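K.L.:
The lines below spell out each chain.
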Amino acid sequence: MKRVDEYFTIGLQHRADGKPCQDHALSGHDAQEHAYVSIADGCSSGGATDMGARIVNYATMQAIKNMISWRRKYDLVADMVTDVVSQRLLTIDRVHRELHMQYEDLLATNIYVFSNQAHTYAHVVGDGIIAVAMVNGSTEMWRYFWADNTPYYPAYDLGKQEQFIIAHGADGMKNRLTEEQWIIGADGQVTCVGITEQMILHGMRGVTIDLTEKIRCGLVKTVAIFSDGAELVDGLTWQQVIGQSMAYKNVTGAFVKRRMMRLMRDVSKEYKGPLDDIACAAIHFS
Amino acid sequence: MPRLNDSMEFGKIGGANGFGFSGIRTEHLGATEYTLVTIAIDVTGSVGGFEAELLRCLKTAVDACKKSPRSDNLLLRVILFSTIYANGVEELHGFKPLADIDPQKDYKQLRTGGGTPLRDACYSAIGAMNAYGKKLSDDDFGVNAIAFIITDGDDNASAATENMIKQEIAQAISGEILESMVSVLIGINAASYKNELEEFQLNVGITQYIDAGDATAGKLARLAEFVSRSIASQSQAMGTGGPSQNISATI
Chain A
1 MKRVDEYFTI GLQHRADGKP CQDHALSGHD AQEHAYVSIA DGCSSGGATD MGARIVNYAT
61 MQAIKNMISW RRKYDLVADM VTDVVSQRLL TIDRVHRELH MQYEDLLATN IYVFSNQAHT
121 YAHVVGDGII AVAMVNGSTE MWRYFWADNT PYYPAYDLGK QEQFIIAHGA DGMKNRLTEE
181 QWIIGADGQV TCVGITEQMI LHGMRGVTID LTEKIRCGLV KTVAIFSDGA ELVDGLTWQQ
241 VIGQSMAYKN VTGAFVKRRM MRLMRDVSKE YKGPLDDIAC AAIHFS
Chain B
1 MPRLNDSMEF GKIGGANGFG FSGIRTEHLG ATEYTLVTIA IDVTGSVGGF EAELLRCLKT
61 AVDACKKSPR SDNLLLRVIL FSTIYANGVE ELHGFKPLAD IDPQKDYKQL RTGGGTPLRD
121 ACYSAIGAMN AYGKKLSDDD FGVNAIAFII TDGDDNASAA TENMIKQEIA QAISGEILES
181 MVSVLIGINA ASYKNELEEF QLNVGITQYI DAGDATAGKL ARLAEFVSRS IASQSQAMGT
241 GGPSQNISAT I
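Line by line, the protein sequences give chains A and B.
If you read the first sequence in our numbering, its first letter stands for residue 1, the second for the next number, and so on.
If you read the second sequence in our numbering, its first letter stands for residue 1, the second for the next number, and so on.
Calculated from the structure, these hints are not laboratory results.
Errors might be hidden in some of the hints.
[As the list claims (entries may be wrong)] With a straight-line cut-off of 25 Å between C-alpha atoms, the simulated SDA-like cross-links for lysine to any residue are: (1) A/269 / B/175; (2) A/214 / A/83; (3) B/96 / B/46; (4) A/257 / B/59; (5) A/269 / B/142; (6) A/214 / A/167; (7) A/221 / A/202; (8) B/105 / B/64; (9) A/249 / B/213; (10) B/59 / B/175; (11) A/257 / B/139; (12) A/221 / B/139; (13) A/221 / B/135; (14) A/269 / B/170; (15) A/73 / A/97; (16) A/160 / A/269; (17) A/249 / B/199; (18) A/249 / B/176; (19) A/257 / B/170; (20) A/65 / A/269.
[What the hints assert, rightly or not] Partial list, derived from the structure: chain B residues whose beta carbon lies under 8 Å from chain A: (21) 27; (22) 29; (23) 30; (24) 72.
[To be verified] Ranges of calculated distance between the beta carbons of each label pair, as one might list FRET restraints: (25) A/76 / B/176: 26 to 36 Å; (26) A/235 / B/195: 47 to 57 Å; (27) B/176 / A/17: 47 to 57 Å.
In this text the structure is predicted, and so the values were computed from the model without any measurement.
We put the CB at the ideal spot given by N, CA and C, even for glycine.
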């Protein structure tokens, strides 16, 4: 059985500046064991990226629903990613034209997780964290960030790829995306197990983590995704934020919201709490 | 908490023997926050004669709560108190969502008789909210609480002491478990016990005492309205860190 839930909240900086929350999260599932979650993080220096984050997020969710409704048999996760990404782009393009939105309004990162009976994978375009809580009590985490805090956004696929490469030094082969892999052991020990630099051209396509085998072997309890706001919670390291965010007491109903709301409340008692907006969403397998 | 049945479980209040309660298992709850509501009703011998109106009052209050926008965030426990019950207190039902309660079908005619274990009723009402509230809080639910103890007389037959109630109330309002707790002692047909009930309220720390006047149909209808309005108010206060402020001092 798969359960899904999501949460997003405004951070201290945007609250103080009178700005809206630019993070957004969605989740969905159906009786056929499809489960999907998606988060988007709007660019602070963009336009109305609170709207952009929502549009990107809804576009991803609609793309996933379209993929489900096509009932196509996918042998490769890569084919699923291609279909979702292309459908997402079509929706973003159509909606922003219809709403006469500025291009800058659409600048939002996107991470989503899709799971059906055959496959489970996470796909990230931009930055953020993917975390997998294992049945054995450990948690595996992948953290993505771009040099100069200049991430690739899905909306750049609307003809802005070249400008993006130029902004990063005009060499698409340059390593500008960093992937850090961390593990929180069952004993709480936090270990960095690898740092990989990736080329701009690779990062622009997005990074896929195929979790199919781990799920099939029954090793996974929860897959969760977090915006980079999880790295800016006053009083906690980002690894602590991830670990504590996924310590669900029970997984009925609004389980992600309950855990995150409690965590933010608790950390705000002694510290400032979330400085940046945070979005997270999770699929729990039981 | 040991398992009582599939959806409800049983818990003990404090360390006192004989004081227990039931509540829906938290695995069946989906919202982020809940207001625990306890209504304790005096069914002693002196209530005989207006028990039908009292029952109507209870049904009206619960029906009104079911229509509240916050109804999905309420968990209601109803207890009856009298010495006709083994431990002075009997649960009509434990903490459960309003969607699972049909007052018109579930609340049968009240049987009256016996003496007034008012302190036991207060201890059970507040203590159960603390114990069940802790379980909810431990499971990350936001939780506050409100209790109504409706009586027509002073205590004359309790095992619980004022100090036991005082400790439970102190814990309830400390903010450690419940975000906030409001308790209301309501006297009906209790004009002759006004002083004793007010003294009891002050001694143990109950938030307020309200003299609802005579047990007329009109007064009890207003009492039902007061109860449902107060519940809605306390539920809306969730997340503010404090109790609701607009509970009327009169009915």
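K.L.:
State for each hint whether it applies.
P.N.:
Here's how the hints hold up against the structure:
no., hint, result
1, A/269 / B/175, "holds, 13 Å"
2, A/214 / A/83, "holds, 23 Å"
3, B/96 / B/46, "violated, 29 Å"
4, A/257 / B/59, "violated, 33 Å"
5, A/269 / B/142, "holds, 15 Å"
6, A/214 / A/167, "violated, 38 Å"
7, A/221 / A/202, "violated, 29 Å"
8, B/105 / B/64, "holds, 16 Å"
9, A/249 / B/213, "violated, 46 Å"
10, B/59 / B/175, "violated, 31 Å"
11, A/257 / B/139, "holds, 12 Å"
12, A/221 / B/139, "holds, 18 Å"
13, A/221 / B/135, "holds, 23 Å"
14, A/269 / B/170, "holds, 21 Å"
15, A/73 / A/97, "violated, 32 Å"
16, A/160 / A/269, "violated, 44 Å"
17, A/249 / B/199, "violated, 42 Å"
18, A/249 / B/176, "holds, 18 Å"
19, A/257 / B/170, "violated, 29 Å"
20, A/65 / A/269, "violated, 40 Å"
21, 27, "holds, 5 Å"
22, 29, "holds, 6 Å"
23, 30, "holds, 2 Å"
24, 72, "violated, 10 Å"
25, A/76 / B/176: 26 to 36 Å, "violated, 53 Å"
26, A/235 / B/195: 47 to 57 Å, "holds, 51 Å"
27, B/176 / A/17: 47 to 57 Å, "violated, 34 Å"
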